[in-house]
Amino acid sequence: MNLRVVGANLVVSLKSFYREKTAMFFTTMFPILLILVFGTIFMDDDKLHFNLYLQDLDQTDASAEIAEALAATGKLNIITVDPAVDAAKSTEDSKANLVLVIPKGYQESFMQYLQFGDPNAFVTLSYVYDPSSSSVVEKMQLLDGVFAAINQRLSAKPPFIRTTEVSIHTRKYRFLEFFIPGIIAMAIMTESLFGTVHVNTELRQKGIIRKLATTPITRADWILANILHQFILAVISTTLMLLVSYAVFGIQLDINAWLPLFIVLAVFSFVGIGMVLTRIVKEAQSASAAANAIMFPMMFLSGSFFPLEMMPDFLQSFAKTLPLYYLNEGLRAAMVVNDSVTALHNAAVIGAFAAVVFILGLVVTQWEEGA
Amino acid sequence: MGNETEYAIEVEHLSKRYGGDLAVNNISFKVRKGEVFALLGPNGAGKTTTVEIIETIRRPTSGKVRLLGMDVTRKKYDIVRRIGVLPQGFSSFDRITVRETMEYYSRLFGHSHTDIDELIALVNLTDKTGEQYTTLSGGLKQRLGIAIALVNDPEVVFLDEPTTGLDPRARRQVWDVLLGLKKKGKTVFLTTHYMEEAELLADTVAIISKGSAIAMGSPDQLIEGNADYLLLTLQSVDPRALEIIAQMGFTPEQDNRAILVRVAQTDDIRKILNAIEDGGASFLSMDVRKPNLEQVFLKLTGEALHQDTVGEQGAQ
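Chains A and B, in that order, give the protein sequences. When the letters of the first sequence are read in order and numbered with the working numbering, they come out as residues 1 to 371. When the letters of the second sequence are read in order and numbered with the working numbering, they come out as residues 372 to 687.
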């Protein structure tokens, strides 16, 4: 190992990266754009708000009280639909995914129930909805909750089963605070894996590796320089992501010694995978496709963007074989809930993976024979 | 450190096989220190494989190769410090400038005392030091490659097809640099498929075809040893001359308005000129010359040295 040689390679790599403006922009800015987009979408995730189209066919004081009760939840913005139009057609035409229809005779049934105590008196409100809409189920659950509460009050009995929220953490966490460690993990994976594969196949294709094989640089010097290069990029990228997240969304994440440790382990893991891929794939273009084929499934199956609980059991089991899963879990344990035991467990798993895959990469990386 | 001899390179019974293909077949030769040695052969003849084995990039299937007295399969890191290499199709880091590239390779060799400005001047790139590699023309890139090959002040310089793909002007500029190296007394190992390059620069030429060395010597020796005829060229000749020469038992070839005739001795030339005069035909000028390396190569191998020879000569 020659540190002068490693340093020379590192300087050339960093200058090449800095001067390749397009690549630099996409490498550093893409994760930040994701944070800005998702951060804006989920900025007020506690203040979930829906438009509710309401068609009141009864047009009575009692039916107006329904609209008032719905508006009082603070989560629904009531938009009135003309009683003369067809609700289904209105749903389709106005692109409203759900129209709540209060039927004619609502007040009459209501009075019968209230004044005469007729237990068989009831009224049916209709949800006229578009099943292709992703938010319609959530909207119906919200309405069901509102109507269940009204029914409860009408029964004049206190509820038997009551609930209370007891968080295991001292403070409430925002969606963004779980999301950002996932994006940091994804960015490190993309930069380290894609960077290693792309740069090495391109240099090999251009004959630069062959030229370097006639100089005193060793395979170990070359690989160490690549590792340092990827580590520096990962630190810069992570720092930028955290700065933007703090400045724009005011997130609260713990920055402690676990973060650099996870970055190091992640860089070794994904550079190792990149070295193995570089050995298998010869052309720069095919190498990019191969890297994407590995990265994209891992990105979506490892819980970077959404919780694993949403996936079928077999995919959840599969996710636990992926290094990105342990990086996500480890970073969240360290940065969000400050759980050192969980962070250590995940660091151990990804550390073992990094050791195996990096040694494999070292073994298969060719330097001579036109490597 | 190996045993130093008068030879910079010693190749004995070298063979290299890729699967079922024999790329180099039992080649042997020696290169003296301070000489320019050219390995001449068409594309696919095994030149690059041979030179890459000597440069320690590839390992031989069989045979022995010693460079500056050291076994190339065992002393890679001692050898690479003492050689300079311009690989075939040389390329460098796109976004790194000429000066930065030179500094980078200088650091790899640990040559802090290298006079980079002098090397850049040697290859006439002084006004390009701040330009990134990607912006240089093909000729400038090759010249940078040669400067890089000299950055560690090597004892042996390998140049693998240094002028392939360059236009005639750029090729001559590279030749000027190589002639400068020759004057400095560097041992230069040149692989090329340009006959005129080998003739101009090389002290010794080895002709390689289909993985085997088929002739070796100085350009003059190769021509003398294989030239058993003279080539008579008559320019702007009267068409009747063709018939007259054919009737004398020679085999003339017409090339536009010139006639080319192979003759065994100078007396035949006199006979042909007399016959043309007696037949009332005329010509503007005449030229008698020995065959060149290209024709020697054709005779020895039965294949053209490189496919674009005719086109390039026509263009020039």
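Since the hints were derived computationally from the structure, they do not count as laboratory data. Check before you lean on any hint, since a few could be wrong.
Unchecked claim - Simulated restraints, written as ranges between beta carbons of each label pair:
(1) 207(A) - 567(B): 45 to 51 Å
(2) 626(B) - 4(A): 40 to 46 Å
(3) 175(A) - 508(B): 30 to 36 Å
(4) 348(A) - 434(B): 49 to 55 Å
(5) 434(B) - 207(A): 44 to 50 Å
(6) 465(B) - 240(A): 24 to 30 Å
Heads up, the beta-carbon is just placed ideally off N, CA and C, and yes, glycines get one too.
Do the hints match the structure? See the list:
no.: 1; hint: 207(A) - 567(B): 45 to 51 Å; verdict: violated (25 Å)
no.: 2; hint: 626(B) - 4(A): 40 to 46 Å; verdict: violated (60 Å)
no.: 3; hint: 175(A) - 508(B): 30 to 36 Å; verdict: violated (55 Å)
no.: 4; hint: 348(A) - 434(B): 49 to 55 Å; verdict: holds (51 Å)
no.: 5; hint: 434(B) - 207(A): 44 to 50 Å; verdict: violated (25 Å)
no.: 6; hint: 465(B) - 240(A): 24 to 30 Å; verdict: holds (25 Å)
This entry does not satisfy hints 1, 2, 3 and 5, going by the numbered hints stated previously.
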